[in-house]
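From first to last, the protein sequence lines stand for chains A and B.
As numbered in the numbering used here, residues 1 to 103 make up the first sequence, in order.
As numbered in the numbering used here, residues 104 to 418 make up the second sequence, in order.
Any given hint might turn out to be false.
Restricting the straight-line Cα-Cα distance to at most 25 Å, the calculated cross-link-like pairs of lysine to aspartate or glutamate (DMTMM-like) are [unchecked claim]:
id, chain 1, residue 1, chain 2, residue 2
1, A, K4, A, E87
2, B, K265, B, D294
3, B, K265, A, E15
4, B, K265, A, E34
5, A, K4, A, D98
6, A, K4, A, E90
Short, incomplete list of chain B residues facing chain A, as computed with Cβ under 8 Å [as the list claims (entries may be wrong)]:
id, residue
7, A155
8, L158
9, D256
10, P378
11, E379
The set of hints was computed from the structure by calculation and includes no laboratory data.
Glycine included, each C-beta is placed from N, C-alpha and C at the ideal position.
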Amino acid sequence: MNRKLLTVITEQALERQLIRCVMEAGARGYTITEARGQGQRGLRSADFETGCNIRLEVICEETVARQISTRLHRDYFQDFAMVLYLEDVEVLRPEKFDASGHQ
Amino acid sequence: MQLDPVILFFVLGFGAGLLRAEMRLPSAVYELLTVILLLSIGLKGGVELAEADLLQILPRLGTVLIMGIVLGLLAFGLLRLSRALPRSDAAAIAAHYGSVSVGTYAVAVAFLDTVGVAYEAYSAAFVVVLEVPAILLGIILVRGLRPQNGWSDVLHEVFLGKGVVLLLGGLFIGLLVGRQGISDLEPLFIDAFKGFLALFLLEMGLVAASQSGAIRRHGTFLLLFALGFPLLGAVVGAVFAWLMAMSLGGALLMAVLGASASYIAAPAAMRLSVPEANPGLSLTASLAITFPFNVLVGVPLYYAVLSAVYPGAGG
Numbered sequence: 001m002n003r004k005l006l007t008v009i010t011e012q013a014l015e016r017q018l019i020r021c022v023m024e025a026g027a028r029g030y031t032i033t034e035a036r037g038q039g040q041r042g043l044r045s046a047d048f049e050t051g052c053n054i055r056l057e058v059i060c061e062e063t064v065a066r067q068i069s070t071r072l073h074r075d076y077f078q079d080f081a082m083v084l085y086l087e088d089v090e091v092l093r094p095e096k097f098d099a100s101g102h103q
Numbered sequence: 104m105q106l107d108p109v110i111l112f113f114v115l116g117f118g119a120g121l122l123r124a125e126m127r128l129p130s131a132v133y134e135l136l137t138v139i140l141l142l143s144i145g146l147k148g149g150v151e152l153a154e155a156d157l158l159q160i161l162p163r164l165g166t167v168l169i170m171g172i173v174l175g176l177l178a179f180g181l182l183r184l185s186r187a188l189p190r191s192d193a194a195a196i197a198a199h200y201g202s203v204s205v206g207t208y209a210v211a212v213a214f215l216d217t218v219g220v221a222y223e224a225y226s227a228a229f230v231v232v233l234e235v236p237a238i239l240l241g242i243i244l245v246r247g248l249r250p251q252n253g254w255s256d257v258l259h260e261v262f263l264g265k266g267v268v269l270l271l272g273g274l275f276i277g278l279l280v281g282r283q284g285i286s287d288l289e290p291l292f293i294d295a296f297k298g299f300l301a302l303f304l305l306e307m308g309l310v311a312a313s314q315s316g317a318i319r320r321h322g323t324f325l326l327l328f329a330l331g332f333p334l335l336g337a338v339v340g341a342v343f344a345w346l347m348a349m350s351l352g353g354a355l356l357m358a359v360l361g362a363s364a365s366y367i368a369a370p371a372a373m374r375l376s377v378p379e380a381n382p383g384l385s386l387t388a389s390l391a392i393t394f395p396f397n398v399l400v401g402v403p404l405y406y407a408v409l410s411a412v413y414p415g416a417g418g
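If we strip away everything but chain A, and leave its shape as in the complex, we get (with noise of 0.2 Å):
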C-alpha cells in the first residue's frame, strides 16, 4: 500500500513551527534528525546550533502531505533555508500512518 513520504530539509530554528503544522494537518507522526549540507543558502555545518540543519520525515496519506507542504510554501519558502519533496512509498501497516480523524 502507497503513501507519500515528505521530507523537509530546514533551519533548526523552525523545529517547533514545523512538528505543529505537520500535527495539525493529521499526521501521525514524524522523525526528525540532525543535518549537515550545502545548498543556495550557504553552507550547514552543524556545528554550531544557530547554524543547524534539520531533516524532517512524515509518511502520511497524499493529502495530509499536500496541506503540510502548501502550508510551509506559503508560510516559509521566502525567508528559511528549506527543501521539500514527496516520495510515494510502499509501507506495511498503512493504516498507522492515515490521519486520526479518518478512521
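Place chain B on chain A using the hints.
Chain B only, in chain A's frame:
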C-alpha cells in the same frame, strides 16, 4: 601584565581554526560547557544575593533593563543613520548588540579574579535582565507589536532559552542554600570555573575562525560597527555602573555587558520573528568580530581606562 592562560586557549582555537586544523569539540561537549558556565555564574551570583540586601538590588534590575533598551536604540539609531542597511537588518543587529554574551561576561569575571579585583557577583542577575529587552525591542522596531509568527514562540525562545533558565536557576539555587550550602559543589562550579572557561574559549576560537571568512563578504561597514559599537557600549555600561555606585570590578562587568553582543538567544529569536533579516550579518558581527575583540582587546582595555578614570578606582 601577566598573560591570562584562558585567553591563550581562545588564541589557540582561533589559530587552529584559521589553519583548518583537524580539531573540534563535539557539540554535546560545547553544550555541557555552556551549561556549566551559566550555572557557575548563576550560583556565584545567588550566593552573593543571599548575603546582600535584596531591597537594594531589586531597583537596580530596573535600571539595567533601561540600559538594555538604551543600548538597543543606540545601535539601531547608528545603523539607520548610516543608511547602509535595511530596517530589518538594522533591528536584528541592534537586538544582538543590546543583548549580552555570557561568554564575554565569564571572561571578564576570570580577568577580575586574575588581577585580584573585587566585584559584585550578583551582576549575574543583570546578565539575565539584559538578555531580554533588546531582543523584544528589535522585534518591535520591525514588526510593531505583531511579529511574523506570533509572540508565543518568540517569548518561549527568549524567556525559556537556556541562558535565562540556567542563570536564573543558578541564582535561585545559590540564593536558597547560601555559601555554606553550595560548598560541596564548589570543586565543579567554582574551583574548576577557569578550566571549563578555557575549554569553552578553545571551541569559541574555532567557531569564530570558521565564521571569519564571512567578514570579507559583509564589507568594512559591518567590521567598523562591530569594532566601534563595543567601545560605545562599554562607556554606556560604565556610566550605568557609576549611576548605581558599583565598585571598579562591577564597573568593568557592566562595561563588558554593554560592549558584548548576544550570539545565542538573539540569533534564534530574531531568525523566527524577523526572518527577512540576514542572519549572517548579525552573527558574523557578534561572533566573528565583537566576541574576539572583547576577549582579546576589550576586557583589558576597558579595565585600563576604568582604573584611570572611574571614581573611587584610586588611579
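The hints, checked one at a time:
no., hint, verdict
1, A/K4 x A/E87, "holds (6 Å)"
2, B/K265 x B/D294, "holds (23 Å)"
3, B/K265 x A/E15, "holds (16 Å)"
4, B/K265 x A/E34, "holds (19 Å)"
5, A/K4 x A/D98, "holds (10 Å)"
6, A/K4 x A/E90, "holds (9 Å)"
7, A155, "violated (34 Å)"
8, L158, "violated (38 Å)"
9, D256, "holds (6 Å)"
10, P378, "holds (4 Å)"
11, E379, "holds (5 Å)"
Hint check: violations occur at hints 7, 8; the rest are consistent with the structure.
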